[in-house]
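Novice: Okay, here's what each chain looks like letter by letter:
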Amino acid sequence: MLANTRVIKEIPKRVATAKRQNLVLALFAIVLLTIPLGASPYPLTVMVDIGLYSIITMGLIMLMGLAGQISLGHAAFVGCGAYISGILTTKYDFDPWPALFLAALITGGIAAFIGRFMFKLHGLILAGVTLALNLVFYHLVSSLIDLTGGAMGMMSIPPLSLGPFTSQNLFFNYYLIWIIAILLLIFSLNLSDSRPGRALRALNVHAGGSEDAAQVVGVDVTKYKVWVFVLSAVYASLAGSAYAHYTRIIEPGTFMVQLSAMVALMAIIGGRSSPWGAFLGAGLIVGLRQLLRESIPVLVGGLSGSYELIAYGIILVVALLFMPQGLISIVRRAAPRKRAVLDES
Amino acid sequence: MDFSTALQIFFSGLNLGSIYTALGLGFFVVYSVTRVLNLAQGEFVMLGGMLTVSFYTMGIPLPASIALAVVITGLVGAGFYRFIIYPARNASGATKVFLTLGFSFIIEGVALRVWGWEFRILPAFLDTPSIQLWGATIFGQTPWVIGITLLMVIGLFLYFGRTIQGKALRACANEPLGARLMGISIERMALFSFILAAGLGAVVGALITPLTMTSYSMGLPLAAKGLLAAFVGGITRAEGVILGGFIYGMIEAITAGVIPGGYHNAIAPLILVVIFLSRRRGLLVTAGKG
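Respectively, the protein sequence lines represent chains X and S.
For the first sequence, this note's numbering gives the first residue as 1, with consecutive numbering after it.
For the second sequence, this note's numbering gives the first residue as 1, with consecutive numbering after it.
Only chain S is shown next, with the shape it has when bound in the complex:
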């Protein structure tokens, strides 16, 4: 393998890794606060992508389109928590998973109604041209994906680590009773985590639409990929999700580079499952802490 191929694979891995990290973070935000495994996370991504395309084709500038998509998806996330998850807040984890699956069906149906079955696409942000670097070609959207994911990660760390509200969210996750005794409303924090996850998902949707296109039925497969990334690194810690996301991205890029045909789509998640089965608490979660 020559240098330019390796470089190409590396950038492809960074790009995919950023996407999987961003997908996984949506699961992390909801799971760490509410212990709900939200299979509808992929639908937020789909909604974000679809809404951005719709507003953009109406002639609204791209940043405003994305902002609108994020706000609307956030509202959908709020409604989801308030009307579907909140009434079942005392139900078992399995019941909640299936509730998120039911919501996923509803959103998919609404999307099919509104946008039809066609795939939608956006141009690379600001029409960024592809970049040539030592023989490797980097698609114009890639720097945006990596940069914005980085911003989201930094934002989450600052928010959870530095703000009172972020600390309250973490408190809910670690010690719900204690948090309640300290006057933190767990319900409000849970609502907030759903809005945050929906908003994050919408940003991811807008980010990946120039690369992979968006269609009404992509939510559940995306959710499966994001979940894998989160599981492998450890869904209860943000660092774990980031590590899992980049491992997934790199493995997929390498298998795609080495084995032609669509096999990487099957082999990469399979390798991830094997890694996860051999290290079930997640790579970053040490014994006794998970």
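Chain X extracted, bound-state conformation:
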């Protein structure tokens, strides 16, 4: 019950912050959509990466921040989107757009099926099982050689197109991915202030809620958990499909547990309490990656891969020890008025 009285108290605060939020959102969209006008190709490719990671991370943040569930297997959903898009377009002559949406639908269905069974599990166990399922996905895709090309991967996946533009055009692709990202951000922000959002927060132990209390006031706990799990899988699938149609080559190794770990890292560093955290986390990590890729060959010589991994690890450990709420908490502290709290402890 405690959780619910808190939610009710938050409502007036939420109305006040909603207006500010809209302003920030509009500014964010305007800045992002005007960036390409003056930019050269290199920063745009980096921004596309940030956009793709942000979409996946946003889904994971909803799962972790809103429902309080850990997934270490989200790369499998990204892979589902990418592979279903790839298979439908190259083997069954689908157009890329319907393939993208169908992939999201199928991936959501898979998540719904798995979720029904999996959310009997709790916390850490769920982390372990999702990690194992990621492994299952990787080996399945590697073995279904006729369908997926096995370890060699799939090639010549057709690009998404709109009129004369295709996602092989960097500008078009930039707009495509960032418009998807901004639309999903708007959806996520609205979701956390909606009835399902409140219900989810009421059952999230990390946000001061309690599953038992939520159940008592009539929240179907498992249903909502599965629901947000499906949603986060759909986000991942959309990013995966967009990636497949953009790079036009996919291979199983891309969707291994390391990607799941990367996305979890971005979610934690950005902050799990708000969808905005996804952009902070993805921006920081991809930005750092590019910085290392530029500077390591010059400063110490050789490839930067090992330094990237070490840097990610150190950042994750330091963030967890000293800034467990993520970058979003710093942004909030800097802002004159705090947004209503729904942070994890």
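Any given hint could turn out to be false.
[Said to hold, decoys possible] Chain X residues, not near chain S, derived (Cβ > 10 Å throughout):
hint : residue
1    : 101
2    : 185
3    : 246
[As the list claims (entries may be wrong)] Covered stretches of chain X (chain S as the covering partner; in silico rule of three or more C-beta atoms under 8 Å from a C-beta of chain S):
hint : region
4    : 121-127
5    : 142-149
6    : 261-274
Rather than coming from a laboratory, the hints here were simulated on the basis of the structure.
Note that beta-carbon positions come from the ideal geometry of N, C-alpha and C, so glycine has one too.
Position chain S relative to chain X; hints supplied.
Specialist: Below, chain S alone, put in the same frame as chain X:
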């Protein structure tokens, strides 16, 4: 299926089962004492394998190479606990899981720096030749894997059951406050459990390198497999982990024997997940005890 094929599958299952058991025991040791789900356990295995290969190629005899690898990995485990887990000892379980993930990134990066991305291999211990038995071929390393896993299991049982320190470790797991009141330092026991798990992991790394080779990025996938084995049998009991490990190994060997192609790599863990979902406390953990 003829007899020799069945025998081949059986030995392959024993071999894999020993590996998964040994992997799972590392999770068990840390989890039962500290309730930390250590995703970096796979990195200890990778380190053990890599260090053994390095020392061995320097010309150091294999037993000494393994011993050195175990000692160094144990020290890494100690540092991991002292500088990453200990400062967060009062944090939530989720935070600790992600801390182990962060450490996993660091070790992977260091390994990539030191050893590069190439796969490393060792010869079978003492160059043991393959054995022919009623039409089945047993790779020379297999008896070593099964034998040394057996020794580790016996050692753990004697240690936890017969020594004061082992009993203290168990006390920390079962009743932390009670253990503290009896003058047991939970922090010291936790440190010890990390060293023990790292050492066990390093032995596994040396054991499997002749079979599967070792590369810098194999830690997390190995961790996922070991976790499954531990979950299925019940991560809080050693007998559970052993049972889970051998079930996993046998299922993988049978699916590999029946279905050609790489499908067994996907089907075996999937079956394990299904078993686990239908018996969530673990096969050996009875209600009320988990």
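Novice: Now look at each hint and say whether the structure bears it out.
Specialist: Here is what the structure says about each hint:
1. 101: Since the minimum Cβ distance to chain S is about 27 Å, residue 101 of chain X lies beyond 10 Å and the statement holds.
2. 185: Correct as stated: the minimum Cβ-Cβ distance to chain S is 24 Å, above 10 Å.
3. 246: holds, 25 Å
4. 121-127: Since three or more residues must qualify, the claim that chain S covers the region 121-127 of chain X holds, with 5 doing so at under 8 Å.
5. 142-149: holds (count 3)
6. 261-274: holds (count 4)
The earlier numbered hints are all upheld by this structure, with none contradicted.
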